[in-house]
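Enquirer: Chains A, B and C, in that order, are what the protein sequence lines are. Here this note's numbering is used: position 222 in the first sequence is 222, and no number is missing along the way. In short: position in the second sequence from 1, add 1000, done, that's this note's numbering. In short: position in the third sequence from 1, add 2000, done, that's this note's numbering.
Because the hints were derived from the structure by calculation, they are not lab data. Note that the Cβ used here is the ideal one computed from N, Cα and C, for glycine as well. Take these hints with a grain of salt, some might be off.
[Said to hold, decoys possible] Partial selection, computed: residues in chain C whose CB lies under 7 Å from chain A:
no.: 1; residue: T2017
no.: 2; residue: T2021
no.: 3; residue: N2025
no.: 4; residue: I2050
no.: 5; residue: F2051
no.: 6; residue: P2053
no.: 7; residue: E2054
no.: 8; residue: N2055
no.: 9; residue: F2071
no.: 10; residue: K2073
no.: 11; residue: C2075
no.: 12; residue: G2076
no.: 13; residue: I2077
no.: 14; residue: E2081
In case you want the letters, here they are:
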Amino acid sequence: MSSQLFAPGHTACSGCGMPIAIKLILEGSGKDIIVVSPTGCLEVTTTRYPTSAWGVPWIHSLFENAAAVASGIERALKVLNRDANVIVIAGDGATVDIGIGALSGMFERGDNVTYICYDNEAYMNTGVQRCSSTPYGASTTTSPVGKLSFGEDRPKKDLPAIAVAHGVPYVATASIGYPKDVIRKIKRAKEIVGPKYIHILTPCPTGWRFDENKTIEIAKLAVETGLFPIYEIEGGTLIKVKKIKNRKPVEEYLRLQGRYRHILKGFKDQLEIIQEIADKNAEKFGLDG
Amino acid sequence: MNDNIKILEGSMAIASTVKTCKPNIVSAYPITPQTHIVENIAKMVADGEIKADYIRADSEFSALSTLIGASATGARTYSSTTSQGLALMFEALFNASGMRLPIVMTVVNRALSAPLNIWNDQQDSISVRDAGWIQLYAEDNQEACDLLPIAYKVAEDKEILLPTMCCMDGFILTHTFEPVIIPEESLVDEFLPPFRPDFILDPANPLTFGAYAGPEIYTEFRYQQHNAMIKAEEKIEKAMNEFGEVFGREYGLIDEYRLDDADIVIISMGSLLGTIKDAVDEMREDGIKVGILKITSYRPFPKEKIYNKIKGIEKGIVFEKDVSIGTGAGLLNDLKAALYGKKQTPFLYGFVLGLGGRDVGMNDIKDAVKKVKTLELEDFGFINLRKEVL
Amino acid sequence: MNKAKRNDIRLIPGGITRPKTTITNKTGFWRTFIPIFNEERCNKCGICDIFCPENCIIINEEGYRHPNYDFCKGCGICAEECPKDAIKMILESKEG
Chain A
1 MSSQLFAPGH TACSGCGMPI AIKLILEGSG KDIIVVSPTG CLEVTTTRYP TSAWGVPWIH
61 SLFENAAAVA SGIERALKVL NRDANVIVIA GDGATVDIGI GALSGMFERG DNVTYICYDN
121 EAYMNTGVQR CSSTPYGAST TTSPVGKLSF GEDRPKKDLP AIAVAHGVPY VATASIGYPK
181 DVIRKIKRAK EIVGPKYIHI LTPCPTGWRF DENKTIEIAK LAVETGLFPI YEIEGGTLIK
241 VKKIKNRKPV EEYLRLQGRY RHILKGFKDQ LEIIQEIADK NAEKFGLDG
Chain B
1001 MNDNIKILEG SMAIASTVKT CKPNIVSAYP ITPQTHIVEN IAKMVADGEI KADYIRADSE
1061 FSALSTLIGA SATGARTYSS TTSQGLALMF EALFNASGMR LPIVMTVVNR ALSAPLNIWN
1121 DQQDSISVRD AGWIQLYAED NQEACDLLPI AYKVAEDKEI LLPTMCCMDG FILTHTFEPV
1181 IIPEESLVDE FLPPFRPDFI LDPANPLTFG AYAGPEIYTE FRYQQHNAMI KAEEKIEKAM
1241 NEFGEVFGRE YGLIDEYRLD DADIVIISMG SLLGTIKDAV DEMREDGIKV GILKITSYRP
1301 FPKEKIYNKI KGIEKGIVFE KDVSIGTGAG LLNDLKAALY GKKQTPFLYG FVLGLGGRDV
1361 GMNDIKDAVK KVKTLELEDF GFINLRKEVL
Chain C
2001 MNKAKRNDIR LIPGGITRPK TTITNKTGFW RTFIPIFNEE RCNKCGICDI FCPENCIIIN
2061 EEGYRHPNYD FCKGCGICAE ECPKDAIKMI LESKEG
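Bound conformation, chain A alone:
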């Protein structure tokens, strides 16, 4: 399945989950697309002038405007009577924080754009600073562990729910640990007219501090522990959930990652809270089964 639409020679860190997501997205989308990416790891590792890893038309403008740029492309294609699927592939910082205004505008206008967030749960391109998709308890360079701190003290912002609240007709979450599921969701999004939102977990060995060969194992464990539920919502209704047999305790996920090492070493209350987050996800989405 070597995608003919994405070339090697990019400079993502060894073991990075992001380019795996890109391959799966392109496998699902096919070549008749235009990709918009905001500033971030994806942009700097794939398009250093005069090179580009992309085999599809691709544009980067700024950090917080990918959704708006995509709206402009989609409207222009319509007016000019041309055809292509417009896809945004954006990091979580650009999506959940700085670009949420433009994204809300795109959702609300109903533009026919598939917006895909690859989520590595912090500002990785600038050196692992927390953002609002950083999960509870994770230590980052701006939510560090210290005498008075157990790391990030707020839960992860639920952007898929925000998309659903906008009336976005197709909202899905996915993990690169389940490649067929990712590809199927990209294909499903193609069939729906209007805005689509797909949120893909892409583990980051550098920022999460795990061995670079463990990327897929961690992408699966996030799902198997219930910390990252995988589901699809169409027309506001939950239509599909990835069920988990014998849901694993969150420690199995946390212990592989340096960003959580302190939690297992002595923050018992926080460990319980993280387990509660997983339990609540399981209840909310009916994960167990």
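Since the structure of chain A is provided, determine the placement of chains B and C on it from the hints.
Expert: Below, chains B and C alone, put in the same frame as chain A:
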């Protein structure tokens, strides 16, 4: 009287002219005093009078961002904003010019907050003079309209590819009913060829737009923009000449008024020039040898042309509605830089006036000229200050 | 200045770049451990290919997959995920 002359509000005249330029995508966010322009365009779209799609953007920043996407896709694009909206666009302004996207935007000039003020001055567009956009300033509504097709022609020229701001004073022009001739659509078609960029976002030729550039190549991109801006000088002049031939209305990068034998030259931009012309007429009647140099093209700044016009004149007085806080004002500082090291240049005075919509009367101009003659004024200052509140 | 990053391509105004040109950037030199693919154990499932972040797995005439070492950064995901244990990571000797 020409049958085509209509009495229109400035904003309606602009909207009607935008229509003749046939943009594919209009994207804007409403802000006083730009609102009437975009309302009128929205109505034209709603009535099917214009084939453009109108994107109701969630902010000015998003408005310009949508146009960046649309322009890169090959669409002709238009927006309008003012003041805070232009400030919010700041990041996207540099991005649009760096990506060489020929977006045209009417900037309705308005003061910047704080204090909040919705009235006219030119602090907004002057503050983004280094953003890589061509900036043209209109004296009246006819010029504000006519600059639009000229702007598209220059911006889309393959040797230029620079976005362009057509600046017009808020309220003073946008909300004033004046007789204007809306450029005829068939003549605009003749004057302005369709937008056919060499590079667009297209799956058949999958190019990458907006790559990042390291220290080994970033400078060269800026150098190309710099050269394009300099080249724009002759292209604007050429487009203005062609416009004159097709439409019979003459414009220049700069213009002069009663300058032949002047010992004082007043230099200014925008609607202020109307008041200044009246004041000059009266001063001329009193025997004061004063004339005017009008700047239409602020970016590119036609340095040699300006110098050649004012060489040998004893004194220059710059009136402008902006301030470069602590160091003078935009046009004044640019003129000083342009004339530095040259011979027989006028001694330049710079005066800030009309900020935040304060009226500028003929007497303000005449009084300043008189005090310059009698050496009662410093070479830089604020005119018409309310000293009693300070 | 890094000469490898210099390029004689004439600038297109706006910084437009040609597709799939990162292939000039041989990231294989990043590698510390090198994956060795054992065709005898391989069942041609293609999981290594699906998960390779470099997108550098190529298929030979017999249908077996191998990494293009010009680009393989040696992350070891392929070896970790291979269900047949057909890929071994070994410390690469870099002589010459």
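Enquirer: Evaluate each hint against the coordinates.
Expert: Here's how the hints hold up against the structure:
{"no.": "1", "hint": "T2017", "result": "4 Å, holds"}
{"no.": "2", "hint": "T2021", "result": "4 Å, holds"}
{"no.": "3", "hint": "N2025", "result": "4 Å, holds"}
{"no.": "4", "hint": "I2050", "result": "5 Å, holds"}
{"no.": "5", "hint": "F2051", "result": "6 Å, holds"}
{"no.": "6", "hint": "P2053", "result": "4 Å, holds"}
{"no.": "7", "hint": "E2054", "result": "5 Å, holds"}
{"no.": "8", "hint": "N2055", "result": "5 Å, holds"}
{"no.": "9", "hint": "F2071", "result": "4 Å, holds"}
{"no.": "10", "hint": "K2073", "result": "4 Å, holds"}
{"no.": "11", "hint": "C2075", "result": "4 Å, holds"}
{"no.": "12", "hint": "G2076", "result": "3 Å, holds"}
{"no.": "13", "hint": "I2077", "result": "5 Å, holds"}
{"no.": "14", "hint": "E2081", "result": "5 Å, holds"}
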